[in-house]
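Put chain P on the given structure of chain D with help from the hints.
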Amino acid sequence: MNYFITHMSAVFPFLVKGAVYTVIITAMSVFFGTVIGLFLGLGRLSKKKFFSIPSSIYVDSIRGTPLLVQILIIYFGIPNLYNMITGDRFTMNVFVAAVLACSINSGAYVAEIFRAGIQSIDKGQMEAARSLGMTHRQAMRYIILPQAFRRIIPPLGNEFIVLLKDTSLLSVIGMEELLMQGQLYISRTYASFPVLLEVALIYLMMTWSISRWVDYMEYKLGVKR
Amino acid sequence: MEPIIKVRNLYKNFGDLEVLKGINLDIAEREVLCIIGPSGSGKSTLLRCLNMLEEITSGEVIVDGNDLTDPRVDINKVRTETGMVFQHFNLFPHMTIIENIMLAPVKVRGLSEGKARQQALELLKKVGLSDKAEVYPDNISGGQKQRVAIARALAMSPKVMLFDEPTSALDPELVGEVLEVMKDLAKEGMTMVVVTHEMGFAREVADRVIFMDEGVIIEEGTPEQIFKNPQNTRTKEFLWKVL
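In order, the protein sequences belong to chains D and P. For my numbering, count along the first sequence from 1 and bump the result up by 10. With my numbering, the residue at position 58 of the second sequence is 48, and numbering never jumps.
The shape of chain D in the complex, shown without the other chains:
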């Protein structure tokens, strides 16, 4: 018992530092992922092939490959490619690679969430808006997207939770996020069980907080009305 408490408290400051990185990377990736996802989602719904085909290719290829592989390609693969082409060396910043990989990945999933949300709105809504003389863009902005956004909050919240947990994969490129901090401590002390348990509990706390925040947003935007 003493062993447990000693290690759990000794590792705590490191884990807090890691958790801060986890939160920052998740928050940034959620932001960029949502922006990418909105445009890709609209792109997939576009009647113009110029927009719909690239969007579909993006979504299919990102969803069809493991995030772990995407992280490795961005961190190791891109500098290697750069070297092949130019002959120069460059090292990818770990943090940039982390945010880039997570944003690109989450963008594909968010795109599908947006697309499903927009398609779930009755087509009579678009017709009513257009019959009043609104342009397609105005109808999207004032009628379709506000309604779609309410419906996608639950799946979007779910995606953010998945993303937060998946940032643990970033430990493979040495990003000092929550899991990596735990592993560093374990490599010095071999106290794997107490540390991993604590790591898991901190992830749980963070995902639980997102869940409660999503519930609050659903309530506030009247999804459950």
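It cannot be assumed that every hint is accurate.
Footprint (simulated), chain P over chain D, 3 or more residues, beta carbon under 8 Å [as the list claims (entries may be wrong)]:
no.: 1; region: 122 to 135
no.: 2; region: 147 to 154
Label pairs and their in silico Cβ distance ranges [stated by the list, open to error]:
no.: 3; chain 1: D; residue 1: I63; chain 2: P; residue 2: L111; range: 46 to 52 Å
no.: 4; chain 1: P; residue 1: E178; chain 2: D; residue 2: K57; range: 35 to 41 Å
no.: 5; chain 1: P; residue 1: N129; chain 2: D; residue 2: G74; range: 42 to 48 Å
no.: 6; chain 1: D; residue 1: V172; chain 2: P; residue 2: P28; range: 49 to 55 Å
no.: 7; chain 1: D; residue 1: F41; chain 2: P; residue 2: G179; range: 53 to 59 Å
no.: 8; chain 1: D; residue 1: I63; chain 2: P; residue 2: Q108; range: 47 to 53 Å
no.: 9; chain 1: D; residue 1: K175; chain 2: P; residue 2: D54; range: 57 to 63 Å
no.: 10; chain 1: D; residue 1: E228; chain 2: P; residue 2: D6; range: 20 to 26 Å
no.: 11; chain 1: D; residue 1: K175; chain 2: P; residue 2: S131; range: 26 to 32 Å
no.: 12; chain 1: P; residue 1: D174; chain 2: D; residue 2: W218; range: 54 to 60 Å
no.: 13; chain 1: P; residue 1: D161; chain 2: D; residue 2: F60; range: 45 to 51 Å
What the hints contain is simulated information worked out from the structure, not anything from laboratory work. The structure displayed is predicted, hence computed values, not measured ones. Ideal Cβ positions, reconstructed from N, Cα and C, are used throughout, including at glycine.
Quick look at chain P alone, frame taken from chain D:
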């Protein structure tokens, strides 16, 4: 006088299915035209071609001098002249009743919020729903929703009102209140095209009735002619079934 809507040789296909097969129709200003016919006869499609909610396969639809098939014509502008009322109301559920009515005048016509609100309140009074301004559509009855939908279309001050089976989705006891509003509109001289199954309304209010079947106009005339003395056997059969 020049008709406000002219339809010339209108064809509409959905894939291989021919829904409209050469429609010719003139609608005069201040006229109330009712379109009747069995389901699948193309009457709703015809109505939806009048504001390009359906793309026209071939032929011409000219609304207030604008040929809708001409790519240079700004369809959004023409649509502001033709208000449309749908079978399923299609109110915007995330907005209050008054916001539903104010939205297009503000965003499309560029009216100020204050003026749009004032106009919306007057329209709500006209359809008898002044007390529902701040309520959401989910909290009113079907008949009230349809009256709001009429007010919303009127807020753009259209020259023509198109009604697509406006009472078909209503409980029977709520039909009357919507028809009353429509009768008032007709009395004020609004040009109206009404696709309907309400033969009583057609008989009482219409200046002219069109009977459609299988994508063509079978017979047209005054309500008197169509209902009392139909010439075509298909018209007779249809009326025998519904009356």
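Unsatisfied constraints (hint numbers, rising): 10, 11
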